[in-house]
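J.: Turn these sequences into a full structure, and let the hints steer you where they fit.
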Amino acid sequence: MQNNYLMAILLLILPLHNAIAETAEEKGLAIAVEADERDLGWIDQTADLEMVLTNKHGQSSSRTMAFKALEVEGDGDKR
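Okay, so the sequence shown: first residue is 1 according to the numbering used here, each after it adds one.
A portion of the hints provided could be inaccurate.
No farther apart than 20 angstroms at their CA atoms in a straight line, the calculated lysine to any residue pairs in the SDA-like style are these [unchecked claim]:
no., residue 1, residue 2
1, 27, 38
2, 68, 42
3, 68, 47
4, 27, 37
5, 27, 45
6, 68, 39
7, 68, 44
8, 68, 55
9, 68, 45
10, 68, 41
11, 68, 49
12, 68, 54
13, 68, 46
14, 68, 50
15, 68, 43
Distance windows between CB atoms, simulated [to be verified]:
no., residue 1, residue 2, range
16, 72, 31, 16 to 26 angstroms
17, 3, 29, 47 to 57 angstroms
18, 25, 72, 58 to 68 angstroms
19, 49, 6, 43 to 53 angstroms
20, 46, 11, 28 to 38 angstroms
No lab work stands behind these hints: they were computed from the structure. C-beta atoms are modelled at their ideal positions from N, C-alpha and C, and glycine is treated no differently.
T.: Right under this line is the structure:
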């Protein structure tokens with residue numbers, strides 16, 4: 001008896017799932033649009049880094065790096 005109720009519920013729910021399911025293209029577009037919207041508004045980013053490399057003999061050398069990115073109108077970042 002309990003199995004009959006479970007089967008009836010499943011038969012009612014499964015068609016609803018197919019009616020609201022997105023196609024792969026729709027889901028991909030929704031993800032791309034959300035990623036594009038999240039990327040807006042950060043304006044710029046800068047970082048100054050120093051990397052120190054030390055070998056097993058205790059000798060070290062350092063490298064400095066600077067990173068700058070600026071958000072521009074449209075799509076893409078200016079570097």
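J.: For the pair supplied as a hint, residue 68 and residue 42, confirm whether the alpha-carbon distance does not exceed 20 angstroms.
T.: 13 angstroms, holds
J.: Residue 72 and residue 31, beta-carbon distance inside 16 to 26 angstroms?
T.: Between residue 72 and residue 31, where Cβ atoms are some 23 angstroms apart, the hint holds.
J.: CA of residue 68 to CA of residue 44, is that 20 angstroms or under?
T.: 8 angstroms, holds
J.: Would you check the hint for residue 27 and residue 37, treating anything up to 20 angstroms between C-alpha atoms as holding?
T.: 15 angstroms, holds
J.: Between the beta carbons of residue 25 and residue 72, is the distance compatible with 58 to 68 angstroms?
T.: Violated, at about 29 angstroms.
J.: With the threshold set at 20 angstroms, check whether the alpha-carbon distance from residue 68 to residue 50 stays at or below it.
T.: 15 angstroms, holds
J.: Between residue 27 and residue 45, is the straight-line Cα distance small enough, at 20 angstroms or below?
T.: Measuring from Cα to Cα gives roughly 30 angstroms; hence the hint is violated.
J.: Next pair to validate is residue 68 with residue 55; report whether the Cα-Cα distance is within 20 angstroms.
T.: 30 angstroms, violated
J.: Given the hint of 47 to 57 angstroms, check if residue 3 and residue 29 actually sit that far apart at their C-beta atoms.
T.: 41 angstroms, violated
J.: Hinted pair, alpha-carbon criterion (20 angstroms max): residue 27, residue 38. Please report holds or violated.
T.: 17 angstroms, holds
J.: Holds or violated: residue 68 and residue 46, Cα atoms, limit 20 angstroms.
T.: Since the Cα atoms of residue 68 and residue 46 sit roughly 4 angstroms apart, the hinted pair holds (cutoff 20 angstroms).
J.: Taking only the CA atoms, is the gap from residue 68 to residue 43 under or equal to 20 angstroms?
T.: 11 angstroms, holds
The structure does not agree with the numbered hints 5, 8, 12, 17, 18, 19, 20 stated previously, though it agrees with the rest.
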